[in-house]
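Guided by the hints, dock chain D onto chain A, whose structure is given.
Residues per chain, in single letters:
Number of protein chains: 2
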Amino acid sequence: MTMTINPLDSALEAWLSNNDQRLHDDLFEFLRIPSVSANSAHKADVARAADWVHAHLARLGFTTETIATPGHPVVLGEWRKAPKGAPTVLVYGHYDVQPAEPLELWTSPAFEPTIRDGNIYARGSVDDKGQLWLHIAAIEAHLAARGTLPVNLIVLAEGEEEVGSDNLAPFIEQHRARLQCEAVVISDSTMFAPGIPSILSSLRGLAYFEINVTGPNSDLHSGMYGGAVVNPATALARIIASFHDANGKVAIPGFYDAVRPFPDAVRAQMKQLPFDELDFKKQLAVDALGGEPGYTTLEKLWTRPTCEVNGLLSGYTGEGAKTVLPGTSMAKVSCRLVPDQDPETTRTLVEAHVRAAAPAGVTVTVTALHGGHPWRAELEGPVFDAAARALATAFGREPVIIGEGGSIPVVNDFARILKAPVLLVGFGLPGENAHAPDEWISQDNFRRGMRAIAALWDEMAPK
Amino acid sequence: MTMTINPLDSALEAWLSNNDQRLHDDLFEFLRIPSVSANSAHKADVARAADWVHAHLARLGFTTETIATPGHPVVLGEWRKAPKGAPTVLVYGHYDVQPAEPLELWTSPAFEPTIRDGNIYARGSVDDKGQLWLHIAAIEAHLAARGTLPVNLIVLAEGEEEVGSDNLAPFIEQHRARLQCEAVVISDSTMFAPGIPSILSSLRGLAYFEINVTGPNSDLHSGMYGGAVVNPATALARIIASFHDANGKVAIPGFYDAVRPFPDAVRAQMKQLPFDELDFKKQLAVDALGGEPGYTTLEKLWTRPTCEVNGLLSGYTGEGAKTVLPGTSMAKVSCRLVPDQDPETTRTLVEAHVRAAAPAGVTVTVTALHGGHPWRAELEGPVFDAAARALATAFGREPVIIGEGGSIPVVNDFARILKAPVLLVGFGLPGENAHAPDEWISQDNFRRGMRAIAALWDEMAPK
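Residue numbers (this note's numbering), protein chains in the order written: chain A, 1 to 463; chain D, 1 to 463.
Only chain A is shown next, with the shape it has when bound in the complex (with noise of 0.2 Å):
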C-alpha cells in the first residue's frame, strides 16, 4: 500500500480540537458508571450505562430507543438523513464492564477516571466505553460542525458483551430488516503498536472438545495389573502425542484441507511487522518458541489453525505417590480454526483421528463442547480502502493488517445475518489491560480514534 494521506477535514478538526475537554469529561462520567454485567448487584449500574448512551444518542437528533432482551438491553441509535446514495453503516459497541476485582490491585480506583503518563486509567476505558464513546463523539463532530452526516448510521449499543452476547444474535435476526446497512464498524481491539494503526483481518473459530477414554471398570492396582492391561492414561498420551507430527505441524488427517491461504501480499505485510521474538520469549520466560514450521510467529497465531491441549487428568494427582492404575482419562482439546475451516467438520475430522488412534483394549468419546466459525475480513473493496485513508489521515501513516488469534463471535453474527462486510478499526494498545486491574486507553489514541471514526463517514461518502 502506498497512498497519499488527506488532513482531516478543518471543521471537525477544529470542532474536535475546541471541544477536548468535554469530550474528556463525557467520557469520564460515562466510565463512573459501574456497569459490570456480571454481577447482578450492578444491574442497576448496567441500566444506567443504558441509559447514559441512550441519552447522548438522543441527544445527537438519533431516533434512539432501549430495547429489552433476556439480559441486559440493547441500545439502537438511527439517524437516516444523510443524502441519496450515501451508505448505512452499523457501529457496534458494548457498554457493559469486566468486574474490577482484585480492587486492592488498581493504582487508581477502577471507577473513578485517572490520567497518568497521557494514559486514561479506569474499568472500560478501552474495553469499550471509551471506544464507543469515540464513535459517538466523532458523530456529534460532524453534526456540530456541518449539521450533517455523509453517511447513514446506526449505532448499537449492547450491554452483555463481558458475559457471552447471548441476546445479541437473536435481537440481530429479530432486527435483521432494521439493521441492514453496508457495513459494520467495530473499535474492541487493540492496534498492533503504539502509532501504527491496525486493520484486523481475521479472527480464528473454535472447535473444542473433551476426550475421554475409559479402560478398566475401576481403578486397578498398578502391582497386581500393571504390564497386562493397556492403561488409559498411557493411552491418551499416545492419542495426544498423535495430534502432531515430530516439527509441530498438526497430523490429523484432513486437517488442513479446508484451509484457504492468506493472500501473498498480507503474509508480505504480516512478515515486516516489527515483532520481536526475543521479547515474546522473554515475557513468556520460556528459551524456544514451538508450532507448524513454516510460518512466522504472528502467521502461526493469525493464520493458521491449532491443536492444543487445554487440560489432562486421570488417576492420582495428589501429593506423593499412589500406585493405581487408573480406569479412565480425560483430555480438553481445542482447535483453533481459520477459513474456511468449520467446526463440525472438524469435529469429524479430530474424532475419526482419536478412535483410529485409540489402541484395543480402551474406548474413547469425544465429545463437541463448544464451537465458533473463524472469519476472515475483506481486505479490499471500498470500506476497506475507506478504513485504510480514514486511518492514515489520524495517525499521519497508512495501517498494517493484523490477525488475532481467538475469537469475538460477534463479528460472526453481524456478517453472518447481516451479509455486510465487517470492519474491525481498534484503539486499544499491547498491555491495555482489558480485563486486569489498572486498565487503560491512551489519550494520544482516543483523540487520533475520534478522528480516525470522523474521517472514516467521510471517506465512505459517495464521492
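What the hints contain is simulated information worked out from the structure, not anything from laboratory work. Among these hints, one or two may not hold up.
Where chains are identical, the list cannot tell them apart; a pair therefore holds if satisfied intra-copy or between any two copies.
Claimed, not checked - Each computed DSSO-like pair below joins lysine-lysine, with the alpha-carbon atoms no more than 27 Å apart:
| id | residue 1 | residue 2 |
| --- | --- | --- |
| 1 | K249 | K322 |
| 2 | K419 | K43 |
| 3 | K322 | K282 |
| 4 | K249 | K271 |
| 5 | K419 | K271 |
Chain D only, in chain A's frame:
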C-alpha cells in the same frame, strides 16, 4: 517336578484331627480381638492381640518376649531345643488387621467369626491371623504329639503390617544376631487356585516418579498464544508416548539391561497354569489386554517390568470449555521392577530419557517419590525342596510356582538384613477379600495349611 508324595506323620495327623475343634476355637478367640492397627481407638485391642500371641507361644514353652517399638509391639518367641545340626527357622506373621469398615457390607459381623459354605468369615481370617495361627498350631502339634520340634524356631509377630511395617526393618537390624536363621517362612499370601498349593517366586519392585513440565510462566489464552508456544500438556503427552514402542515394550534406553530372565523351567510351568484370559478380561470389562509382546499375561504380571502412568494433571479439568494453554503439566509415573533392576538405576534411565524426549520450549523435572527393590525366591535348594514336599503332603499334589506383581517390603527386609532365603507359602485364595468386607479363609486350606507347616518342619530337619 515329579515327586513322591509322603503322607503326614501319623502322630501329627492324629493330634491335628483330634484337636480340630479346639484349634478352630482358639482361632475364633484370636479373630474376635479387633486389633485394627490404623485406628488409635483400637490401641488396647492391638495390645490384647499381642498378649494373646505371647500367651499362646509361652504356653508351648517358647521363650517369649513382647518388645516395644515406637508403634505397636513385636512379639518374639524362641524355641531352640532341636537336635544338634537342625536348622533355625524364623516364622513371620502379623497380628494386626485392616479396618473393618464399611461394617454394613459384612454378611456376618467382622469380629464374630462365622462359618458359611466351608469358609471362615472374619476380619483377619486370612490376613493374617488365620495364617499366623496355623503356624502356631503346627508347632503345638509337634510338641504335643512328640514332645519336641525337628527344627529350632523363632516366631516373630508384628502389629504394624497394615500400616506399613515402619518399625520392622529397624527391629530386624537391631536384633539381627538373635534373629539369625537358615530360612524365613511367611504365610501371608494366596495360592493360585483352590487345590493348587503355591510357592511365591517373586515380588516386583517399584520406582515411582513425578514428572513436571513447565512451559510459559503462566496459563495463557489458547487463542492469543496457541500455535506458537510449546504446550506443556502436549509435550508431556509426547514424553509419555515415548515410554513404549508401538507394540507395548518399554522404549526407555537401557530399561531391560539389568533384567535377569526367569529360568526356562519356571516360565514353562507358569505357562501351564490354568489361567482364563477371557475371564480376566470379563472381570475388568475390557475387550483386549496389553503390555509387552512375547509373554503370557501371568508372565507380564509376575516376571516383567513395567512403566505405567498413575496420574495426569494439567490446565483446566472442570466442567465445560476453558480456552487455556496450560503453563505446566504433571504426571505420576511408576516402574515395576524385576531382579536385578534397582530403583536408583531406573531413576537415572527414566530421567535421562525424559530430558532427551522433552522439546525445547519447556523444562522438565523428574522427582523420585518412592522406591523398592524387586525380590526373587531361591527356586532350588533344600528350603525350596522341603516346602515343595511339605505342600505336596498336605494337598496331595506338588505345588506350582507363582509370582506377584506387587511388592511386600518386609520380604526384602528379611532377605537383605538376615541374608537368609525367604519362603512365601500362602493359604489364602483369590477372592478372599483380604482388605474388604466378608474376608474369609477356606476351612479346608486352614486345615491343610496346619498340616503343610507341620510337615515342613520335618522336611527341613536334617535326614
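Hint check results:
Taking the closest pair of Cα atoms, K249 and K322 come within 27 Å of each other only across two copies (23 Å); inside a single copy the shortest separation is 36 Å, beyond that limit. Proximity of K419 to K43 under the C-alpha cut-off of 27 Å is found in neither arrangement, the shortest distances being 33 Å within a copy and 78 Å between copies. In the homo-oligomer, the alpha carbons of K322 and K282 lie at most 27 Å apart only across protomers (25 Å), although the nearest pairing inside one protomer, at 37 Å, exceeds that limit. Taking the shortest alpha-carbon separations for K249 and K271, only the intra-copy value of 20 Å comes in at or below 27 Å, while the best inter-copy value is 46 Å.
With identical chains, the CA atoms of K419 and K271 are never at most 27 Å apart, being 31 Å at best within one copy and 71 Å at best between copies.
In this structure, the hints that do not hold are numbers 2, 5, in rising order.
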